[in-house]
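Chains A, B and C, in that order, give the protein sequences. Each residue of the first sequence is one higher than the last, beginning at 3 in this note's numbering. Each residue of the second sequence is one higher than the last, beginning at 66 in this note's numbering. Each residue of the third sequence is one higher than the last, beginning at 571 in this note's numbering.
The set of hints was computed from the structure by calculation and includes no laboratory data. Glycine residues also receive a C-beta, built at the ideal position from the N, C-alpha and C atoms. Do not rely on the hints blindly, as some may be mistaken.
To be verified - Only some residues are given here: those of chain B computed to face chain A with a beta carbon under 8 Å: (1) 120; (2) 158; (3) 202; (4) 269.
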Amino acid sequence: MGTLLRAAWHIALKDVAIEWRTKTAFASGLVFAVLVLAVLFFSRDPTAVSSQDIAPGALWVTFTFAAMLGLNRAFLLEREMRALDGILLTPAPKSAIFWGKFGANLVFVGTIEAISLPLFVLFYDVPVWIRLGELVLVIAMATIAFVAVGTLLSAMAVRTRYAELMLPLLLLPFLVPPLVGGVQLTARLLEGRPLSDLGGWLRLIGAFDVAFVTLAALLFQVVLDE
Amino acid sequence: MPPSADVVLTATGIARRFAYRPVLVDVGLTLRRGEVLLLVGPNGAGKTTLLRVLAGLLQPSAGHVERLGAIGMVAHDAMLYPALTARENLRFFARLHGVDGRTRVDELLRQVGLANRADDRVGTFSRGMLQRVAIARALLHEPGLLLFDEPLSGLDAVASRTLVELLQTFQARGTAMIIVSHEMERLGRVATHMARIAAGRLGPVESLAGRSAAAVFADLMREDL
Amino acid sequence: MTLRESATRIARAGMVITVLALAGLAAVYVRALRYTPVEMNQGAAQKIFYVHVPAAWSALLAISITGLLSILYLWLKDRRIDLAAAASAEVGVAFACVMLTTGPIWGKPIWGTWWTWDARLTSTLFLFLLFVGYLVLRGVLVDPGIRGRLSAVIGIMGMMLVPFIHLTVYMFRTLHPAPIVLKPSAPSLPGVMLVTLMSSLGVFTLLYIGFMMQRYALGLLREAREEELAHAS
Numbered sequence: 003m004g005t006l007l008r009a010a011w012h013i014a015l016k017d018v019a020i021e022w023r024t025k026t027a028f029a030s031g032l033v034f035a036v037l038v039l040a041v042l043f044f045s046r047d048p049t050a051v052s053s054q055d056i057a058p059g060a061l062w063v064t065f066t067f068a069a070m071l072g073l074n075r076a077f078l079l080e081r082e083m084r085a086l087d088g089i090l091l092t093p094a095p096k097s098a099i100f101w102g103k104f105g106a107n108l109v110f111v112g113t114i115e116a117i118s119l120p121l122f123v124l125f126y127d128v129p130v131w132i133r134l135g136e137l138v139l140v141i142a143m144a145t146i147a148f149v150a151v152g153t154l155l156s157a158m159a160v161r162t163r164y165a166e167l168m169l170p171l172l173l174l175p176f177l178v179p180p181l182v183g184g185v186q187l188t189a190r191l192l193e194g195r196p197l198s199d200l201g202g203w204l205r206l207i208g209a210f211d212v213a214f215v216t217l218a219a220l221l222f223q224v225v226l227d228e
Numbered sequence: 066m067p068p069s070a071d072v073v074l075t076a077t078g079i080a081r082r083f084a085y086r087p088v089l090v091d092v093g094l095t096l097r098r099g100e101v102l103l104l105v106g107p108n109g110a111g112k113t114t115l116l117r118v119l120a121g122l123l124q125p126s127a128g129h130v131e132r133l134g135a136i137g138m139v140a141h142d143a144m145l146y147p148a149l150t151a152r153e154n155l156r157f158f159a160r161l162h163g164v165d166g167r168t169r170v171d172e173l174l175r176q177v178g179l180a181n182r183a184d185d186r187v188g189t190f191s192r193g194m195l196q197r198v199a200i201a202r203a204l205l206h207e208p209g210l211l212l213f214d215e216p217l218s219g220l221d222a223v224a225s226r227t228l229v230e231l232l233q234t235f236q237a238r239g240t241a242m243i244i245v246s247h248e249m250e251r252l253g254r255v256a257t258h259m260a261r262i263a264a265g266r267l268g269p270v271e272s273l274a275g276r277s278a279a280a281v282f283a284d285l286m287r288e289d290l
Numbered sequence: 571m572t573l574r575e576s577a578t579r580i581a582r583a584g585m586v587i588t589v590l591a592l593a594g595l596a597a598v599y600v601r602a603l604r605y606t607p608v609e610m611n612q613g614a615a616q617k618i619f620y621v622h623v624p625a626a627w628s629a630l631l632a633i634s635i636t637g638l639l640s641i642l643y644l645w646l647k648d649r650r651i652d653l654a655a656a657a658s659a660e661v662g663v664a665f666a667c668v669m670l671t672t673g674p675i676w677g678k679p680i681w682g683t684w685w686t687w688d689a690r691l692t693s694t695l696f697l698f699l700l701f702v703g704y705l706v707l708r709g710v711l712v713d714p715g716i717r718g719r720l721s722a723v724i725g726i727m728g729m730m731l732v733p734f735i736h737l738t739v740y741m742f743r744t745l746h747p748a749p750i751v752l753k754p755s756a757p758s759l760p761g762v763m764l765v766t767l768m769s770s771l772g773v774f775t776l777l778y779i780g781f782m783m784q785r786y787a788l789g790l791l792r793e794a795r796e797e798e799l800a801h802a803s
């Protein structure tokens, strides 16, 4: 267990270091986030639709699509010079690759979310602070869901010749429960409803997290094998 | 007959298919400490696949590989991260090997002659330099067996000579090696044995004792695989 | 028994079942159109329901079978199991298409719109996308070993996703009920209609089995041909 955590830690650290140095996926994710938030804001009829109404949807579309930009990066960088083979030649347990990548992806997506949220408040004028703690919890839970599945599926997509096409195609159905749940919870929280009112959605996302983090970790080995 | 305690690798009955076609058919070999096997053969013969199976990166569809000791591999791709420096790359892999990072890494960088470029990003390196970092990476855990896939490809004469000299030091230390290459003239001095692989089949392994690589090659070509 | 021999046997059996199922389908249509009463609120258009619901059921059956066979394949590594899983997915996508087209055809006269985000329709839409992803993935992978393993992963994940999608859509719908109460989801169907529905479900299941067997047989034949081609060269 110790070796697994240590190896995963080193792998995650390495990923974060590389992204920090190149910032390519991060930059495009951020630009994308601003673009989506702005477009959705300007696409509505301000007299008919308040910014409050479309805010939750806008926020979550931003999160998930910016995340998808970054997810492929995680395995593409392993393919450039086949560094993944280098990892496989070490005694590091293969599941450490999943947990390391998962962790690094969470950091990456989390960073984009952390920067998008203030932009969101700025553009949409939503009272995020009334339920900030709970909002962060909801965002965290839903993010874990689609990053876990996204990590597994990007490892798979990168083995085909059409990684950028395959990842969204495969990932989309899996985004539905955390995305819908996230939007619903965000909307209710912004209305000022307490989290206890929304137990159903929370339990749904929580169950999804448990089920799919486990499943992704278990099935990852299958995706690595040649 | 050399003692069996010196065996570093045994492969028996290795078969591997891809897209319905056989890539390796009933391949077997034994390698002992200090032996350097030069593997020749036409493109598409299955040489790279064989090395990957021996390294453990691929599972054979049939057959068995027994590895007695650690293996290091230098393939066509460097297995490095272009955004990281040579030192950072090596430290990363050292940690995964559970090897004390700093001293070993610095020592290896010196050995392959890259101590002065240790803190440059690997993405800026020439092919010759990449090969040397890759060799350092392969040596981190002091393997008893090294696998090389076309190590001299893409190298100029100077870089080639440097590499062959490195290989000679490994051979002198008793490290077993399998080298896939068609550069018989340059590697003939390092190799102790030679074998030919064609259409997925491995021919007999012949010793190079006293003879030139070209002569042995001529012998091997006469074998009907 | 060679792949070809198995294939021929299974194809033949599959064809018999399909013919029986189609005959049953015709009988169900006759019953639905002539002998089942017309529904009060929705009129004659409601009768598409007897095709619409069972088609969705068959798609659901298909993904469960694909998922279970995927687990079995990863465990036993027999390529025929992989071929069967793929066959089930193709049949599933066909049934999902039937459901997604009959839905709007029904919806237009009754609800006035082609599409509503009705619980069952929405779930089937995502089921359809899962199938499409699975089949596209298979299409781009050349080696049967890699193809089998990667599609098995999607198959298992997809099967596990289905209950979550259903829950999500259900919870959304209870918050935002559809403008017109959807009678079909209620079990309180009068006896005559219920019998028609049940018979239709049975027939569609049989149809799934028949199609699945034939598609599987085709898969076996293709596998046999790939091997023959490989040996020839």
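Is the interface hint satisfied for residue 120 (chain B)? The criterion is a beta-carbon contact with chain A at less than 8 Å. holds, 6 Å
Have a go at the residue 269 (chain B) hint: is there a Cβ in chain A nearer than 8 Å to its own Cβ? Since the shortest Cβ distance to chain A is 29 Å, the answer is violated.
Proposed interface contact between residue 158 (chain B) and chain A, which counts if any beta carbon pair is under 8 Å: holds, 6 Å
For the hint on residue 202 (chain B), does the least C-beta distance to chain A fall short of 8 Å? holds, 6 Å
In the structure shown, a violation is registered for the earlier hint numbered 4 alone.
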